[in-house]
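Assemble the whole structure, with the sequences as input and the hints as a guide.
Protein chains in written order, with my numbering: chain A, 1 to 363; chain B, 1 to 498.
In case anyone wonders, no lab produced these hints; they're calculated from the structure.
Computed from a prediction, not measured in an experiment: that's the story for all the values here.
Hints may contain errors.
Unchecked claim - Restraint ranges, calculated between C-beta atoms of paired labels, are given here:
1. I162(A) to S319(B): 36 to 46 Å
2. D125(B) to V35(A): 56 to 66 Å
3. F365(B) to H147(A): 26 to 36 Å
Claimed, not checked - Selected chain A positions facing chain B (Cβ under 8 Å, derived; list incomplete):
4. R60
5. R223
6. F226
7. K227
8. A230
9. K233
10. A237
11. L241
For glycine and all other residues, C-beta sits at the position ideal for the given N, C-alpha and C.
Below are the chains, spelled out letter by letter.
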Amino acid sequence: MKKGQLYSIFVERESVFGLLKAFMAVLFSLVVVGVILLLTGYKPLPVFGSLFDGAFGSLRRVGESLVSTTPLIFSSLGFLVAYRCGLFNIGLEGQITVGGIAAAFFGYALPTMPPILHVTICILAGALAGGFWGFIPGYLKAKFGVHEVIGVIMLNNIAFKIAAYLVSMNGPMKDRVDAMPASPFIKESARIVRIIPGTRLHWGIFLAIVTAFVLSIYLFKTRSGFKIRAVGKNRYAAEALGISVRKNIILALALSGALGGMAGAVEILGVHYRLFAAFSPGYGFDAIAVALLGMVHPIGVLASAYLFGILRSGSILMQATFGVNKDMVSVITGVIVLFMGMSAPIGVLVKNRINRKSHGSIH
Amino acid sequence: MNDIVKRFPGILANDKVSLEVEEGEIHCLLGENGAGKSTLMNILYGLYHHDSGEIYLRGKKVEYSGPGDAIKNGIGMVHQHFMLIPVFTVLENLILGTEPVKGISIDVARSERELSEISKKYGMDVNLRACVKDISVGMQQRVEILKLLYRGAEIMIFDEPTAILTPQEIEELYKVMRSLREKGKTIIFITHKLKEVMEISDRVTVLRDGRVIQVVDTKSTNTRDLARMMVGREVLFATERPEMEPGAEILRVEDLRAKDKRGNMALKGLSLSVRQGEIVGIAGVDGNGQTELVELLTGLRKSESGSIFLGGKEMRHKSSREFLKAGTAHIPEDRLLRGLILDFPLYENMVLGFEDEKPFARGIFLDFKRVREWAAKLVAAFDVRTPNVGVLAGTLSGGNQQKAVLAREFARNPKILVASQPTRGLDVGAIEFIHQQIMNAKKQGKGVLLVSLDLGEIMNLSDRILVIYEGKIIAEFQAGKATEAEIGFMMAGGGKER
Chain A
1 MKKGQLYSIF VERESVFGLL KAFMAVLFSL VVVGVILLLT GYKPLPVFGS
51 LFDGAFGSLR RVGESLVSTT PLIFSSLGFL VAYRCGLFNI GLEGQITVGG
101 IAAAFFGYAL PTMPPILHVT ICILAGALAG GFWGFIPGYL KAKFGVHEVI
151 GVIMLNNIAF KIAAYLVSMN GPMKDRVDAM PASPFIKESA RIVRIIPGTR
201 LHWGIFLAIV TAFVLSIYLF KTRSGFKIRA VGKNRYAAEA LGISVRKNII
251 LALALSGALG GMAGAVEILG VHYRLFAAFS PGYGFDAIAV ALLGMVHPIG
301 VLASAYLFGI LRSGSILMQA TFGVNKDMVS VITGVIVLFM GMSAPIGVLV
351 KNRINRKSHG SIH
Chain B
1 MNDIVKRFPG ILANDKVSLE VEEGEIHCLL GENGAGKSTL MNILYGLYHH
51 DSGEIYLRGK KVEYSGPGDA IKNGIGMVHQ HFMLIPVFTV LENLILGTEP
101 VKGISIDVAR SERELSEISK KYGMDVNLRA CVKDISVGMQ QRVEILKLLY
151 RGAEIMIFDE PTAILTPQEI EELYKVMRSL REKGKTIIFI THKLKEVMEI
201 SDRVTVLRDG RVIQVVDTKS TNTRDLARMM VGREVLFATE RPEMEPGAEI
251 LRVEDLRAKD KRGNMALKGL SLSVRQGEIV GIAGVDGNGQ TELVELLTGL
301 RKSESGSIFL GGKEMRHKSS REFLKAGTAH IPEDRLLRGL ILDFPLYENM
351 VLGFEDEKPF ARGIFLDFKR VREWAAKLVA AFDVRTPNVG VLAGTLSGGN
401 QQKAVLAREF ARNPKILVAS QPTRGLDVGA IEFIHQQIMN AKKQGKGVLL
451 VSLDLGEIMN LSDRILVIYE GKIIAEFQAG KATEAEIGFM MAGGGKER
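Structure (structure tokens):
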């Protein structure tokens, strides 16, 4: 295979520019948070230090960052598939939730069987459930023109309520023994094996990485991926050239939901071992920032998901040590999204501005 | 402007270009697409910054950092694509950004008074209270011109202003330009149409490949010489029309009725037929159902009633994909919207509509190596000028984009070619090439349905000319058996009481 052929699976033409933009966005978000910390009476450097320490300070902490990286990879892959088709799926949190429900159910309801088989069934069930949750808004959009954002927000709420009901007192999936509002534990055979004892890090991370590569090949090397991208870039041209806009909208959202469902399934099977309401701490919403920072490219997303994993787990120690609310991390997220939405890397924009000033006036 | 140099990645757009424009003249900037006309004007207007060279205004050197500075210096530009807000009124659009203020409110009365004075002075009738979206394209252009005058422009750049106008509107525009000249304004007129140069300009600067070829007085030149300077070789103006006996009927449309996108009836019982080896031209004024007809014939719109037979097969309510499969090739009227995906590289554009066919489709995969090779072949065969097939389609010039569309559509080996406005906005060289290709299609025995607002183009190419008016074919002429005036009379609905 020639160099040119592998090229697009890994990077795209604009990616050098994008990389710079991503780098500047991260840097700037840290500066902004630093300023906020200063203004609120904290010393930024020690606080950032504890954030770092919380993510890398011990084997367990390194493991924890990777634990939250895993669902972030899946869900941001989900976001980017839809995005590549010109759709904005902010319904991943709901799709994660239904994926988790399905995986948990098959995890405890099926009899013990060989682990490979059991885990596979549960992940597939999660993907199907999430996929269905994505298919509905896709169908509504293709058939009736319902905007996908409206559709997925509705379905988010429905998913949250269903999950809460299922594990509530007398709910159909409620564990009869435990008083906690949670489902029974899944069978041993349905649990994803942990990689390093003493950490919660499980093999799901590798599944996530493999999925990213498969998705990259799908988007950039297959016919179906080509069509999805064509619809995303110019649906009018796609339509005129015999590519069905409706079919691809439905397909992209279903695929997007399926990846969200896998995030939920892997989270249940590898970390929690049982279902409880709101088991995902907002991975589906972080997915947007992760995908944008990763230049909506599956491989880029691997890096940015890890960064967000670091922030998530590091923030816990930061809060414990300095009393800085861990939600400060979401300020970083917000600033990153803001800068990634800009037309050019922030540094370049500033430079242009300065150039313009120095070129002087006219008369 | 002196020795202006502007480099884009991979292209030298302006190579030491010097341009001298005198006060109170209409100066034409003539050149093919990609010759560097627009780049030069964008530099003058402050949208680009030149790499080297100087700009002098009334003897004084100027430097500016953006269009704002250019406007302050009395330079204004009417762009090809209007910068108007459709839901605002004409007045609101005109004063936007420079609203006269009275307290916290806008002094509407004052601006209305000022603007109607300006429009009277230059003989431009505009209804200030109409919504921009409700007025014609010609009127919208007038609003753009008024906007410049309102902001005190002395030098006005018109970027291919006639490309979107009907013949009558073009006449109106000439009138306005002449009256502007009388009042001492200076006009720089970007075009690649020779007729326009001869009609309106005082002097011409001809650009080719980013260099000035010649500066001439319009009076002392003619279209043939200008064309040679512009293209760099002799140009055929009329494509030779081979006389051929048409073959079997390939497309038949019967009593077609359809609505436009607003839900009004656009086609009211239209019938036509096209045979193999025949070019059928649809002449008509814009908005008489041409767009809807083309969309129906390519599966992009559903009809209310009537039939479309393609090679004897009923195609009513079939999808665009099925039309493609049945042997339709489509050159869309808006190549940027329907013809190409501008953010895709050229090779991906060339495989659109072929992605499920061998040899490109290999199982679930698309063989991009083959696609690239194939795209390179098409690009070479159709003289699409591009550094390589990996560049984004959006970076090519209009003529090259259209050639790319043509290359892809001809590669389908279609039975029928539906070409809508195939040369709109293109330069002489590209038009000549595209007309030849359409003739080739005819020679190969394909049926061609040519829809164009350019009557000259229709008369030049067609074997039969059908006139469309208010969603119906109201007249039919054989090639060479009718004058422009006769057809024009029918286009205006003149034969309605026939």
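Verify the CB-CB distance for I162(A) and S319(B) against the hinted window 36 to 46 Å.
Check passed, 37 Å falls within 36 to 46 Å.
At a threshold of 8 Å, is the proposed contact between A230(A) and chain B supported by beta-carbon distances?
holds, 6 Å
Tell me if R223(A) is really an interface residue toward chain B, meaning its C-beta lies closer than 8 Å to one of theirs.
Hint on R223(A): holds, closest Cβ of chain B at ~5 Å, below 8 Å.
For the hint 56 to 66 Å, verify it against the beta carbon of D125(B) and that of V35(A).
Holds: the Cβ-Cβ distance is about 57 Å, inside 56 to 66 Å.
Does R60(A) hold up as a contact with chain B if the rule is Cβ-Cβ below 8 Å?
violated, 42 Å
Restraint check, 8 Å cut-off on beta carbons, for L241(A) near chain B
holds, 4 Å
Answer holds if the nearest beta-carbon of chain B is closer than 8 Å to that of K227(A); otherwise answer violated.
holds, 7 Å
Evaluation of the interface hint that places A237(A) against chain B, nearest CB under 8 Å:
holds, 5 Å
Measuring from beta carbon to beta carbon, are F365(B) and H147(A) in 26 to 36 Å?
The hint (26 to 36 Å, Cβ to Cβ) holds, given that F365(B) and H147(A) are roughly 33 Å apart.
For the hint on K233(A), does the least C-beta distance to chain B fall short of 8 Å?
holds, 5 Å
Please check whether F226(A) passes as an interface residue: C-beta within 8 Å of a C-beta belonging to chain B.
With a minimum Cβ separation of about 5 Å from chain B (threshold 8 Å), the hint on F226(A) holds.
The structure does not agree with numbered hint 4 stated previously, though it agrees with all others.
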